[in-house]
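**Student:** Listed here are the chains, written in short residue letters.
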Amino acid sequence: MADKKKTMGSGVTAIFRKQIFIPIAALLLLAVFNLIMDPSFFEISFGYNSAGHPVLTGNLMTILDYGSEVAILAIGMTLVTAASGGQDISVGAVVAIAGSVILRVLVGLGGDGTLQAPIIVGFLAACGAAMLCGAFNGVLVAVFKIQPMVATLILYTAGRSIAAWINNNELPSVTDETFTYFGGFIPGIPVPTPFFIAVVCIVIALLVLKFTNLGLYTQAVGINAESSRLNGLNPTFIKWLTFVILGLCVAVVGLIKTSRLSTINYSVIAKDIEMDAILAVALGGNVLSGGKFNIMASILGAYVIQFLTTTLYKFQVSSDALPAYKAVVVIVLVVISAPAVKEKIAAWGKKVKAQKGDA
Amino acid sequence: MKKEKKAADGALTAKKGKLTDTSLLLIITVAVFFVMYIGAMVFLQKGFLKPQTFFNILNANAALIITACGMSLVMITGGIDISVGGVVALVSMCCAVYLDFMGGNVFVSIIIALAIGLAFGAVQGFLVAYLDIQPFIVSLAGMFFARGMTTIVHTAPFNVENEAFVALKGTRITVPGMGTVNKLGKYVNAYVEIGVIVALLIVVLLFCMLRWTRAGRNFYAVGGNRQSALMLGINVKKTRFFAHLLCGILAGIGGYVYFLHVGSGSASHASGMEMNAIASSIIGGTLLTGGVGNIFGTFVGVLSLSTIQNIVSSIGLDQAWWTGITVAAMLCIFLVIQSVLLARKK
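The listed protein sequences correspond, in order, to chains A and B.
What the first sequence shows, in our numbering, is residues 2 to 360, in sequence order.
What the second sequence shows, in our numbering, is residues -5 to 340, in sequence order.
Please note that the accuracy of each hint is not assured.
[Claimed, not checked] Covered, in the sense of this in silico footprint (three residues per stretch, anywhere, with C-beta under 8 angstroms from a C-beta of chain A), are these stretches of chain B: (1) 124 to 135; (2) 141 to 152; (3) 266 to 279; (4) 320 to 332.
Source of the hints: derived by calculation from the structure; they are not laboratory data.
Glycine is no exception: its CB is placed at the ideal position from the N, C-alpha and C atoms.
Let the hints inform the model, and build the full structure from the sequences given.
**Tutor:** Encoded structure:
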């Protein structure tokens, strides 16, 4: 009898303990909340955009669209978090750098907006620049052993200035229509392109994790760098590598972001996106101090964050005030997952059980 | 040279060797500051020869000095607080709204500033010390919360026209014997603002506290090695909480001093101040890993940082982005120096 009770109890807790449970629960909570407040939140309508292409519009499409940016960043951020036990807060600034490089290569200074080079060249240049920034962060963290958040604080402050400097503080804009496809819609396909880009990134990431030892090594380094070194790994290189991978993710987001506007605004582009990316990792149930990780949970977390953002927008919260609400969510999340609090809850749970047993 | 150093290291006891390493950072900072300032005097002349330029640096950075001191306290205990910039913006916005729209008096506005700082310090300190959450995550959330709240309180920037406040803002304290004769042949007194006096008082107070009181020594013990501090019977949680609390209060005071200097409320106030505060502490010889630091060094760190910004703008690179790049570059260099010093010690 007692045994049966125990297995039943552990079965329920097993579901609760599954990492992916947290983002799914949060998603359901938000969905139910919106369903009660205003069911029209879930409406999707079919229409034509200004260029005459068929598009689907609605809150869910917005979530799919903008959530994909965060999801792409969440892939890299999860790896960085797992390996180094810290987060990269310079991603927003590096998105600005990547976007600036794309525009510089594509239209150059004082151009009339026509393409001077194929888009792929601009994108590759941006990848190079963003990976260089990632490598810089990675060297500071891995080689010089500076705390990740302080090391990335350097680019967090200087990044947008560097982005402005790359284009000599001009705001070049692209007139070519194909450039708008990456952040908008491909003619004939009514689903926003960023979603497909995110899917490609996710598939690549999962394939890499499945067929290489990257995931295992990252976890090993995150759990204990010293013992992983004694086991023949190179923790310095792996930490550095995760930052470079994050750089690649950032370059993809840079392409999407600049494509949305066909131009750039150095101080506003991807503002506060680092917060969303870190939040996605936290919401995915990953330990923010490194170690075990689950990329799918982070990606789901990213879409949940965008769900939250869209919900807040729906309730007339201005974009400048958004961070305040998200900060509260972060604090609630970290407090719940703090070991001290977990112990308290576990002790309390045991007490309740014991009382039940007595009765 | 290297041989000499090695011999010297060998001759000294381990404890003394450690001492030289820490003071080395401070010496580097002080030297860098003097070299920079004297260099500016020799090559740029213009303003740098006037004592008032130096006092203007103090006037403009009094708030930074205060917040950087708070940052150093937290960093000495091994934590970090990046919410200070946001708190400064929130304090100036709240005080501005209170003074201008509600016609409040200056005294109450000072209390508001202190209360905001205290609230941030207490909540963040509790989360960091008692729930053992990473200080960076807590204060990152704190920063976003403060910035978001600032726009919720009031969106558009505006100047405060409250009479009592404007009078207080305009108060200038003359520094005797430092005036200069201007172009018209008139003697102009050198002056500092009230904020500078507050900042200097805080620097002296904290310096004494860290050096001669038990609470101050506890900060170093906790930051140096938490486990041994615990074994020595120090209340580690309380000490860390206290450090964050003090940092919050100092951010509140710094916010008011900042507000007193600019006299307006705006959501974009003090953007990047957390970065400047961290940079000043690090340049001043505070180690990110905790256990090492000096308030006097932080003070010199702020001066070095603002001097380099002044130099950058006076050689004509006055685009706003150069400031960000120079601060970041300086921080980067000092971080690497620290890291190399630490590695060598091991």
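**Student:** Failing hints, ascending?
**Tutor:** none
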